[in-house]
Amino acid sequence: MKKLLILIMVLALLMSAVFTGCSPAGKEDTDTIKIGVASPYTGDYAQFGDYTKDGAELAVEEINKAGGVLGKPIEIVYGDDKGDSKEAVSVAQKFASDKNIVGIVGHFFSGATLAAGPIYQQNEIPTISVASTNPDVANIGDYVYRINVGDNYQGSQLAKLLKDKGYNKATVIYDNSDYGKGVSDVFTNSFTELGGEVLLNESYLGGQDKDFSLILTKVKNSDTEVIVLVSYYTEASLIIQQAKNLGIDAPFYASDSSYTDDFLTLAGDAANGVHVVCYFHESDPSEAAQEFVKKFEAKYNKKVDSWSPYAYDAMYVMADAINRAGTTDGPAVRDAIAATEGLQGATGVTNFKGAREPVGKDLIILVVENGEYLVEK
Amino acid sequence: MIVQQLVNGLTIGSIYAMVALGYTLAYGILGLINFAHGDVYMVGAFVAYFCITVLDLNVIVSFIISLVISGILGALIEFTAFRSIRTGSRSSQLISAIGVSIILQNAVMLTMGSDTKPFPKVMNTSVYEFTNITISSTQILIMIVALIFMIMLYFLIYKTRVGISMRSTAQDAAMSSLMGINVNKVISITFSIGAVFGAAAGILVGIYYNSIVFNMGSSMGLKAFVAAVLGGIGNIPGTMLGGIVLGLAESLGATLISAKYKDAFSFIILIFVLLFKPTGLFGKKEIEKV
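In the order they appear, the protein sequences are chains A and B.
The first sequence begins at 335 in the numbering used here and counts up one residue at a time.
The second sequence begins at 1363 in the numbering used here and counts up one residue at a time.
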């Protein structure tokens, strides 16, 4: 009996601790402004996490050197979502339970942002996602923004480009994720509207499938003139190598998610001649972009990738919004983000103008030659 | 196109068969499903990767080193995880196996990193085109190596003294022990052989796909387990055929229906086999020993 009583008391104690955690206790006065930065830092997609980290850290270093936000330095709190929607939810819950976190930069994958976004929305934590391109990300709610243009843009631009190059019969191979389905759908619709024909629409399970010979044999036996690959770099490299082994000659156009250095390492010789879409390239002529490239190379001693400038800009937009809001309260910061207009960053000018994604940032088509990315002329 | 898909299916089926043999050997001799086997397959690939890239060794030497280390690992797993609970309940053996699987995966993740590694190019892949099939040299390599390994296993089991003691231990361990067979040693050898098969398959997969990752063993382990059950777990020729049948079924399913459901086919097959022929396509009816 006594044991039971003790058990009940311990449980009650635990419950009370849990519930106080949930109650909307006011923010403590802290010495730093905490911002959550969520991305896959381990696992199959870890390189994307490094991109976010590099960009965000560079921005924070500069912001803090210039006096911080509201007179306090920014402190980054990392959340590793491993690129997985389920993990993203637990990261979001962890962030949401820490009342000192005033904003989120991330998540990276569309699937992760779509899963975690509603939690930030509910807890009124302003979020600026990096690289989550699925069209639905902009519809989660008024607390969730993204710093880059979406797949509607990428899919339709790609369709137009291929049609202009004279291709009429295409095949799409896509990762069965929110991102992959998004790009594939938009591309298929736009390409068909332009008068082209999508012969095959094949998908696979990212992170599980290693053998694509079954899909590729189907492609080989169709009249495909060009293959659009909406896939992350690990699978993209496998697909391209296996296509080569099967003797497929049709050119590959890979979506932005393949654009990493690991893609070149993993794919080796097979990568030569593959076209890759990217959102940022070091050859971008704008002054802000060139300044970013210089600072990035000085700090990290490596080449700029597609996404760290976006993480960098997202951090700046967040800091700028908190400064303008004059407080760290969620609703006030949200309103300030929504009002962001004409903010010059490495990736161009960010205008939210009522939409939750920027307008007018462009994509770049690269082609791999001798194991290096070059801008296609 | 069907012929081409059959070639693809045969390649992956040979790999399934090799990994599945590890399950069958462990099950045949101990009645135990060794779920750590998929991770031995992964460790084999990583040891070869380490030998080639870090130690800069020749591919054949690396292959042999990897097989030896995996063989020792197989015996070690049996010694640490299964020997003391050999007479225990099946569920504790199963849990022990899953524990080993988690340890191996995490050990490799911590030492080698969690990202996908490009397996070094050990041979120039050439592609042969025939009228309606294309076959690459790596595919041929996989089929030949798998065939050689299976023939070797067949001779080992049916024509050597070790094989005889393995078969007798599988039939009745206590009786074999009375006849002067060192049962513990035989069981260790059996696990080693299973591990060597797994490791060889791991290296072949590394060469075929040019990439390896620390969790590559889990999905392959499951597939190979299905292959073993399909052919009749415990039955060596049956398991070999089971692997090949599974590879072919997947490729036919992918061609006729959709590649999206490739994995679903293997599990649907598993369910049907368990429903209608629980001993597997080539398995014998087992009489529970009392």
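Each hint should be verified, as a subset may be incorrect.
[Stated by the list, open to error] In silico PhoX-like pairs for lysine-lysine, Cα to Cα no more than 25 Å straight-line:
{"id": "1", "chain 1": "A", "residue 1": "Lys494", "chain 2": "A", "residue 2": "Lys554"}
{"id": "2", "chain 1": "B", "residue 1": "Lys1622", "chain 2": "A", "residue 2": "Lys420"}
{"id": "3", "chain 1": "B", "residue 1": "Lys1622", "chain 2": "A", "residue 2": "Lys515"}
{"id": "4", "chain 1": "A", "residue 1": "Lys578", "chain 2": "A", "residue 2": "Lys387"}
{"id": "5", "chain 1": "B", "residue 1": "Lys1622", "chain 2": "A", "residue 2": "Lys503"}
{"id": "6", "chain 1": "A", "residue 1": "Lys515", "chain 2": "A", "residue 2": "Lys497"}
{"id": "7", "chain 1": "A", "residue 1": "Lys420", "chain 2": "A", "residue 2": "Lys499"}
{"id": "8", "chain 1": "A", "residue 1": "Lys578", "chain 2": "B", "residue 2": "Lys1622"}
{"id": "9", "chain 1": "A", "residue 1": "Lys406", "chain 2": "A", "residue 2": "Lys428"}
{"id": "10", "chain 1": "B", "residue 1": "Lys1521", "chain 2": "A", "residue 2": "Lys554"}
{"id": "11", "chain 1": "A", "residue 1": "Lys578", "chain 2": "A", "residue 2": "Lys503"}
{"id": "12", "chain 1": "A", "residue 1": "Lys368", "chain 2": "A", "residue 2": "Lys633"}
{"id": "13", "chain 1": "A", "residue 1": "Lys497", "chain 2": "A", "residue 2": "Lys420"}
{"id": "14", "chain 1": "A", "residue 1": "Lys578", "chain 2": "B", "residue 2": "Lys1521"}
{"id": "15", "chain 1": "A", "residue 1": "Lys433", "chain 2": "A", "residue 2": "Lys494"}
{"id": "16", "chain 1": "A", "residue 1": "Lys636", "chain 2": "A", "residue 2": "Lys578"}
{"id": "17", "chain 1": "A", "residue 1": "Lys368", "chain 2": "A", "residue 2": "Lys428"}
{"id": "18", "chain 1": "A", "residue 1": "Lys387", "chain 2": "A", "residue 2": "Lys695"}
Hints are computed from structural coordinates only; laboratory data are not their basis.
Now for the hints, and whether the structure bears them out:
1. Lys494/A - Lys554/A: holds, 24 Å
2. Lys1622/B - Lys420/A: holds, 22 Å
3. Lys1622/B - Lys515/A: At roughly 13 Å apart (the allowed maximum being 25 Å), Lys515/A and Lys1622/B satisfy the hint.
4. Lys578/A - Lys387/A: violated, 34 Å
5. Lys1622/B - Lys503/A: Since the Cα atoms of Lys1622/B and Lys503/A sit roughly 22 Å apart, the hinted pair holds (cutoff 25 Å).
6. Lys515/A - Lys497/A: Holds. Lys515/A to Lys497/A sits at ~21 Å (cutoff 25 Å).
7. Lys420/A - Lys499/A: violated, 40 Å
8. Lys578/A - Lys1622/B: Answer holds: Lys578/A to Lys1622/B is near 21 Å, not above 25 Å.
9. Lys406/A - Lys428/A: holds, 23 Å
10. Lys1521/B - Lys554/A: violated, 46 Å
11. Lys578/A - Lys503/A: The given pair, whose Cα atoms are some 20 Å apart, holds under the 25 Å limit.
12. Lys368/A - Lys633/A: holds, 23 Å
13. Lys497/A - Lys420/A: violated, 38 Å
14. Lys578/A - Lys1521/B: Given that 25 Å is the threshold and the Cα spacing comes to 43 Å, the pair is violated.
15. Lys433/A - Lys494/A: This hinted pair is violated, its Cα atoms lying about 46 Å apart.
16. Lys636/A - Lys578/A: Not OK: Lys636/A and Lys578/A at ~30 Å, beyond 25 Å, violated.
17. Lys368/A - Lys428/A: holds, 13 Å
18. Lys387/A - Lys695/A: OK: Lys387/A and Lys695/A at ~22 Å, within 25 Å.
Hint compliance for this structure: hints 4, 7, 10, 13, 14, 15 and 16 are not met, and every other hint is.
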